[in-house]
Amino acid sequence: MAKILVAGAFGVGKTTMIGSLSEIPPLHTEEVMTTVGAAVDHLADLSGKSTTTVAMDFGRYSLPSQDLVLYLFGAPGQERFRALWEDLAQQALGAVVLVDTLRLEESFWVMSAVEERGVPYVVAVNTFPRSPRYPVEQLRQALDLDPRTPLLTVDARDPTACLRVLIALVDHLLAHYT
Amino acid sequence: MTGMAAPNGRRRLVPAFLATDGSAWASRNTLDRMTVLTATGDRVPEGLDPPEHRIVTLLSGGALTLAEVAAYLRLPVSVVKVLVSELVDHGRLTVHAPLSRSGHRDRQLLERVLSGLRARL
Chain A
1 MAKILVAGAF
11 GVGKTTMIGS
21 LSEIPPLHTE
31 EVMTTVGAAV
41 DHLADLSGKS
51 TTTVAMDFGR
61 YSLPSQDLVL
71 YLFGAPGQER
81 FRALWEDLAQ
91 QALGAVVLVD
101 TLRLEESFWV
111 MSAVEERGVP
121 YVVAVNTFPR
131 SPRYPVEQLR
141 QALDLDPRTP
151 LLTVDARDPT
161 ACLRVLIALV
171 DHLLAHYT
Chain B
1001 MTGMAAPNGR
1011 RRLVPAFLAT
1021 DGSAWASRNT
1031 LDRMTVLTAT
1041 GDRVPEGLDP
1051 PEHRIVTLLS
1061 GGALTLAEVA
1071 AYLRLPVSVV
1081 KVLVSELVDH
1091 GRLTVHAPLS
1101 RSGHRDRQLL
1111 ERVLSGLRAR
1121 L
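Protein chains in written order, with the numbering used here: chain A, 1 to 178; chain B, 1001 to 1121.
Note that these hints are calculated values from the structure, not bench results.
Covered stretches of chain A, going by a simulated chain B footprint (3 or more residues, C-beta under 8 angstroms):
1. 1 to 9
2. 24 to 30
3. 65 to 73
4. 82 to 91
5. 162 to 174
Which chain A residues stay away from chain B? Per the calculated CB distances, all over 12 angstroms, these:
6. W109
7. E115
8. E116
9. F128
10. P129
11. V136
12. E137
13. D144
14. L145
15. T149
A few chain A positions that, by computed beta-carbon distances, are all more than 10 angstroms from chain B:
16. Q78
17. E79
18. D100
19. T101
20. L102
21. L104
22. S112
23. T127
24. Q138
25. R140
26. Q141
27. P150
28. T153
Glycine is no exception: its CB is placed at the ideal position from the N, C-alpha and C atoms.
With the hints as extra help, turn the sequences into a complete structure.
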C-alpha cells in the first residue's frame, strides 16, 4: 500500500478531492493536540493542559490491477497544526498541493511545509467558478515553483481529473525522485 | 499456543504471537497511521477493557490500518496507538509493516502505482 497527502489551505477542496477518488466515504481521524501545537503522545500529558482536536479526512483508492491500495490523507489546512505534518509526511510517496487562485498566499506555508519535510509534490489549481484564471507562467512565478514541479488545473469534483493529478504526481516521482 | 516444527521434526510450542511474521514487540514509537493490524487468534478474548475489546472485535473482521481503526471507532489516533501498543504487547494483535523494506519510494513500487493508476483511467 502507499500513502499520498492531499494538502492545501483551509477550504481549497481537499475533502472534495478525496471524496471524488475514495471508494469508501471519506473517513475522519481525530488528533488531540496541546495548545503548543505538538501532537499528544502520552495521555498523562493531557491533565491540566488545554487541548484541541483536529479532524483529518482520508480515503482509500484501490489499484486492483496491481493489488495495491492507496491511502489519501488530507493534511490539516491551518498553519497552527503544522506539527501534524511530521507524522503525516513520514512514508508518504508524495503530496498534491491544492491551491485556490483567489487566495494563493494561503498556500505558501503548505508549500514550505512539504518542501521542508522533503515530500515531493505537484501543485493542482482547483477551478472554483469564482476564482480568477491566470496563465500558467504567471502562476508558476507567483508560487515560486521549481521548474520541474508540475502545475495542473483540476476540478476537484471530477474523479477522472483527480486521477490525472495522481498520475502526474507519480510520473514526477519517477522522473526526479528515484 | 501454536506449534512450529523444529529441524528434527519434533514440534516445539511457542506462544502464538512469536509464531507470526508480524512484529510482536511494537512500541508506540513504531506505530504509524499506515501500520496494518490484524487480530491474533480467532476469538475475541474475554476480560478486555471496552475500548480494547472494540479494537480487537473490529479487527476480527479482517486487516485494517491503524488510521482506519481510529476512524471507525471514532477514537483519536494517539489513543489508538497507545491501546494497540498494549494489545500487541499482550499478543492480541499483530503488526505488519506496510511498506517495503527497501524504502518507500523505490522505483518498483512507483511503477506499480503508476500502472495501477493508468489502469483506472
